[in-house]
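Heads up: the sequence lines are chains F and Y, in that order. Residue numbering for the first sequence follows full-length UniProt numbering, starting at 1 and increasing by one per position. Residue numbering for the second sequence follows full-length UniProt numbering, starting at 1 and increasing by one per position.
Among the hints, a few may not be true.
What the hints assert, rightly or not - With a straight-line Cα cutoff of 20 Å, these simulated DMTMM-like cross-link-like pairs (lysine to aspartate or glutamate) come out: (1) F:Lys-138 with F:Asp-78; (2) F:Lys-22 with Y:Glu-173; (3) Y:Lys-22 with F:Glu-119; (4) Y:Lys-127 with F:Glu-173; (5) Y:Lys-22 with F:Asp-191; (6) F:Lys-127 with Y:Glu-173.
As the list claims (entries may be wrong) - Listed next, with one range per pair, are the computed distances between beta-carbon atoms: (7) F:Glu-181 with Y:Asp-67: 32 to 38 Å; (8) Y:Glu-190 with F:Lys-141: 45 to 51 Å; (9) F:Lys-143 with Y:Arg-172: 29 to 35 Å; (10) Y:His-94 with F:Val-75: 25 to 31 Å; (11) Y:Arg-172 with F:Glu-137: 18 to 24 Å; (12) Y:Arg-172 with F:Ile-66: 30 to 36 Å; (13) Y:Arg-172 with F:Ile-193: 34 to 40 Å; (14) Y:Phe-140 with F:Gln-37: 49 to 55 Å.
Claimed, not checked - Chain F residues, not near chain Y, derived (Cβ > 10 Å throughout): (15) Asp-64; (16) Glu-128; (17) Gln-156.
To be clear, the hints were calculated from the coordinates, so they are not data collected in a lab. The structure presented is a predicted model; accordingly, all values stated were derived computationally and were not measured. Glycine included, every Cβ here is placed at the ideal spot set by N, Cα and C.
Number of protein chains: 2
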Amino acid sequence: MNRQTKTKQAILDAALYLFHLKGFHATSLRDIGQKAQINPANIAYYFKNKNGLLEFCLTSYFEDYIDVLDRNVQVLDDKGPQECLMDLVRDILHFQAKNFLASSFIYGETALDSNLNREILSTYYMKENYYFQVVYEKGFKEKLFRHVSFPISMLQLKGQLSAPIIHARYSREVLHIFPQESYYIEKYIEDTIHFLHGTLFNNEPVRKLALS
Amino acid sequence: MNRQTKTKQAILDAALYLFHLKGFHATSLRDIGQKAQINPANIAYYFKNKNGLLEFCLTSYFEDYIDVLDRNVQVLDDKGPQECLMDLVRDILHFQAKNFLASSFIYGETALDSNLNREILSTYYMKENYYFQVVYEKGFKEKLFRHVSFPISMLQLKGQLSAPIIHARYSREVLHIFPQESYYIEKYIEDTIHFLHGTLFNNEPVRKLALS
């Protein structure tokens with residue numbers, strides 16, 4: 001990492017930390033500069049203003065996230081829809097845990113229904129939805145998925161995937177589990193896969209064999 | 001409703017609407033006054049300041065919410081743990097839909113991990129957790145629930161219950177469903193109950209009959 005990239009990364013990390021802690025509106029460039037030990041003028045040099053910084057945060061997060069989806073859906077034909085969806089769940093939960101602050105900030109903003117970069121959010125959610133739809137459609141077609149409503153099942157899955165981030169504090173303080181620790185991440189992945197088996201997958205190995 | 005109660009309610013409604021839209025920090029008493037068409041001095045008379053207003057919002061929301069839980073868990077012995085948990089799911093999803101703005105604001109703040117009335121939130125979440133734990137324990141004891149990890153199952157259920165609120169905009173704009181319309185509420189309840197059957201309930205009617 002060269003010095004410029006390092007500085008940029010330090011700014012991003014400080015920004016995400018403060019957005020997560022205090023919210024976007026309550027955070028100033030001065031706060032971010034103080035946290036990152038960087039002159040606010042320098043932040044302006046890289047990102048113009050707080051909105052530019054936010055846009056960069058969102059875009060780089062979602063580009064990486066969409067890569068995760070894309071990589072998995074590329075091999076849909078080889079793996080089949082059940083394997084593919086299970087791998088998606090695994091990779092998304094790992095990705096979110098690795099990018100905890102950004103995920104947390106983004107889900108928070110989504111929940112608050114703020115006008116904050118509405119277009120960016122919906123653009124990426126449309127893409128995300130497209131990938132899942134491809135997998136579900138193959139699952140329905142091959143009768144490996146039950147006849148459920150796609151949007152309702154997707155909303156349920158979204159709830160499962162976002163819970164360890166959105167309810168992170170609740171998990172720590174009330175349930176006494178630590179959803180960012182790898183032991184719990186793996187356990188949660190396992191149980192989310194049980195959820196897929198229990199609500200979505202047609203677990204009839206004979207039919208599955210007949211198709212392969 | 002007398003005039004005082006009406007005024008108070010108008011202030012609360014305006015406050016929740018603005019907190020939800022702009023976030024707590026970005027909302028001023030002046031904004032609330034403007035929205036409710038009430039003099040800001042009047043708001044100060046009823047609630048002292050913005051924090052007092054917030055505390056009142058949270059407290060009255062959670063008192064009603066805890067009532068919903070309490071009413072259901074009171075009849076746990078009559079209904080058994082499976083029926084009781086299904087009724088809880090139904091009533092919670094209805095309650096949240098009825099109090100959409102408040103639910104949305106509270107989940108958003110939870111996701112952002114803000115220090116906003118941390119104590120109030122954790123006090124009520126501890127209570128909520130207590131009620132669920134009572135139901136799960138009876139379910140485990142009577143072998144009507146599978147041997148799952150309570151905190152992980154609870155986190156999953158929390159994800160299911162919060163999804164229609166947290167992902168409301170996503171539902172509308174990406175999935176084209178309207179999770180506040182009664183058709184979708186009922187459909188979502190049905191599928192959340194499928195989730196319980198698929199991941200938690202031991203569906204062995206023989207054993208169930210033997211116990212009753």
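How the hints compare with the structure:
As the CA atoms of Lys-138 of chain F and Asp-78 of chain F are separated by approximately 12 Å, the hinted pair is consistent with the 20 Å bound. Restraint check: the Cα-Cα separation between Lys-22 of chain F and Glu-173 of chain Y comes to about 27 Å, which exceeds 20 Å; the hinted pair is violated. Our distance criterion of 20 Å between C-alpha atoms is met by Lys-22 of chain Y and Glu-119 of chain F, whose separation comes to about 17 Å. Taken as a hint, the Lys-127 of chain Y and Glu-173 of chain F pair is honoured in the structure, with Cα atoms around 12 Å apart against an allowance of 20 Å.
A hinted pair counts as satisfied when its Cα atoms are at most 20 Å apart, and Lys-22 of chain Y with Asp-191 of chain F does not qualify at roughly 35 Å. Taking the CA atoms of Lys-127 of chain F and Glu-173 of chain Y, the gap is about 12 Å. The hint holds against a cut of 20 Å. Range check, Glu-181 of chain F to Asp-67 of chain Y: about 35 Å between beta-carbon atoms, so the 32 to 38 Å window is met. A beta carbon spacing of about 24 Å between Glu-190 of chain Y and Lys-141 of chain F contradicts the range 45 to 51 Å that was offered as a hint.
The hinted range of 29 to 35 Å is satisfied by Lys-143 of chain F and Arg-172 of chain Y, whose Cβ atoms lie roughly 30 Å apart. For the pair His-94 of chain Y and Val-75 of chain F, the beta carbons lie near 42 Å from each other, so the given range of 25 to 31 Å is not met. The supplied range of 18 to 24 Å is met by Arg-172 of chain Y and Glu-137 of chain F, whose beta-carbon atoms lie about 22 Å from each other. A C-beta distance of roughly 21 Å is found between Arg-172 of chain Y and Ile-66 of chain F, which places it outside the suggested range of 30 to 36 Å.
The hint said 34 to 40 Å for the Cβ distance between Arg-172 of chain Y and Ile-193 of chain F, and at roughly 29 Å that hint is violated. Here the CB-CB span from Phe-140 of chain Y to Gln-37 of chain F is close to 51 Å, well matched to the stated 49 to 55 Å. Non-interface call for Asp-64 of chain F relative to chain Y: holds, since the shortest CB-CB distance, roughly 19 Å, exceeds 10 Å. Here Glu-128 of chain F does not stay apart from chain Y, with its beta-carbon only about 8 Å from theirs, under the 10 Å limit.
With 10 Å as the threshold on Cβ separation, the claim that Gln-156 of chain F sits away from chain Y is violated: the shortest Cβ distance comes to roughly 6 Å.
Checked against the numbered hints listed earlier, the structure breaks hints 2, 5, 8, 10, 12, 13, 16 and 17; every other hint is satisfied.
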